[in-house]
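Got chain A sorted already, so can you dock chain B onto it with the hints?
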Amino acid sequence: MDDLYREQIIDRYKNPHMRGKLDPYDFSYGDDNPLCGDQIRIDMRVDGENRVTEAAFSGTGCAISIASADLLVESVVGKSLEDIKALSKEDILEMLGIELSAIRIKCALLSLKVMKAGVYGVEEFEEDLV
Amino acid sequence: MRAYSELEAFNVESVRADFPVLSRETRPGVPLVYLDSGATSQKPRSVIEAMSTYYEQQNANIHRGIHRLAQEATEAYESARQVVADFIGASSPREVIFTRNTTEAINLVAKSWGKTNLNSGDMIVLTEMEHHSNLVPWQILAEERQLRLAFVSVTEEGMLDMESYRALLEKGPRLVAFTHVSNVLGTINPAAEMVDMAHGAGAVVLIDAAQSVPHQPVDLSELGADFLAFSGHKMCGPTGIGVLYGREEHLDAMPPFLGGGDMIKRVQLDGFTVNELPYKFEAGTPPIAEAIGLRVAIDYLSSLGMEAILQHEQRLIARALDRLEEIPGLRVYGPRGEQKGSVASFTFDGLHPHDIAQILDDDGIAVRAGHHCAMPIHERFGLMATTRASFYLYNTLEEIDRLVEGLYRAKEIFS
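Chains A and B are the protein sequences, given in the same order. Going by our numbering, the first sequence opens with residue 550, and the numbers climb by one from there. Going by our numbering, the second sequence opens with residue 5, and the numbers climb by one from there.
Same shape as in the complex, but just chain A (with noise of 0.2 Å):
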């Protein structure tokens, strides 16, 4: 389907506004995509109240992988931890606006799963995951 890369993907991938290090930052984790070696990590920075000031991705993948970290990374700036363990596969799905296949569904979510395991801490967030 072409219109799964439509422009915004596209130009996302090409253009990330969010991609970077943070140093110092209060979260950062890192996790890759054995099926096709695609690596996303995350670094935030949150305020005495636990809201994201600052976010940046790193890492190489797809355009649909660097296309969601982007769109997510910005989506979280101004959100609570709490609000950031909320955030759903529906919630990535909406932001990128296509219909995807099971397989490139992981392309979509690794973003999202590295987010919540640096922020529930990877032990906890595989609890979640059960």
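Please note that a few of the clues may not be correct.
[As the list claims (entries may be wrong)] Straight-line alpha carbon distances no greater than 25 Å define the calculated DSS-like cross-link-like pairs of lysine-lysine that follow: (1) A:628 x A:662; (2) A:634 x A:570; (3) A:563 x B:415; (4) A:655 x B:175; (5) A:563 x A:634; (6) B:175 x B:119.
By construction, these hints were calculated from the structure, which means they are not laboratory data.
Chain B in isolation, oriented as in the chain A frame:
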């Protein structure tokens, strides 16, 4: 295009007409270009119809029933075994075990032959270009029995380094297991020579023939392997059936793999007697319709001739390499010339294989993107993933042109 004019000798249009799926469109107006036969082949009408006919006319369980349907089903199943034996040059149908697929065939050897013949410290020689199915079963066994695994290295050209192979054989491995044709690089390994060398070193040899039996003549009387494994679904047959060939002396000495019905002669509460070959390794109701489908697939391939199929594919891959390599920034991995099977795995100018495959899909072109169940060989070349176009008897030169056009389009979109 005079160089490819011999292609006319092989009537690809008439072959294509035998495969119903090839006439479909992926979207209105976009015909399918199926370049993923390395993953699974399409099926000719004769195979599909033979399986339906079996279910409509003969369906019965085999080896037990006295009734007419059971007799016919048993005959059909066993005649499939004979056809397989003849197709690969096995000396007897007792040497042909039906499994679920190549993976299960290799696991059978690992669990049965491996557990009885390999002990702590023994060495198994594999290669860096193995599919996970000819790697993980040995890793599992190595951990259980403290075995050593050693790997024949792969050269920059994508060939097995025969010096490295020779050196490993000097260490006295008990088993050598290697792929006949690499599913990523397309390398056609010198299997007969490798078997001779391994036998000279006293090793038993297993060949993963999943990517060779569908594409070229494979004759065990020339290869001399102890075990050979392949899948029906990559050779115009159905999924759910694979073949393990094993030399009778090995199979005779091996303990059963799975226990259950059909693999026994007699069962008492305190024990059982094992059935004779090949039934000893076929516990439970086997894939009967699938065996019949495989027989018809082999009939189909044989009617065209494996040598003619190989020649057709050699022309396809030669053309694909010519056309792909004229694209700036595109690199195809693996050897060139006669040692290259009809597989082109490539990287393209930093474009992600998923993105390439998605754009090609817009054009109806089916390719594979990822590591193709062979992560170590990707690592060998410093890659995470490649895009793979794999060809078969029904592919055409025009389809290669469509692939090249699609790749230029992907480049335009992403750069």
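Results of checking the hints against the structure:
Distance hint between residue 628 of chain A and residue 662 of chain A is fulfilled; the C-alpha atoms sit about 17 Å from each other, no more than 25 Å. Taken as a hint, the residue 634 of chain A and residue 570 of chain A pair is honoured in the structure, with Cα atoms around 22 Å apart against an allowance of 25 Å. A distance of roughly 13 Å separates the Cα atoms of residue 563 of chain A and residue 415 of chain B; the hinted pair therefore holds under the 25 Å criterion. Restraint check: the Cα-Cα separation between residue 655 of chain A and residue 175 of chain B comes to about 44 Å, which exceeds 25 Å; the hinted pair is violated.
As the CA atoms of residue 563 of chain A and residue 634 of chain A are separated by approximately 28 Å, the hinted pair breaks the 25 Å bound. At most 25 Å may separate the alpha-carbon atoms for a hinted pair to count; residue 175 of chain B and residue 119 of chain B meet this at roughly 21 Å.
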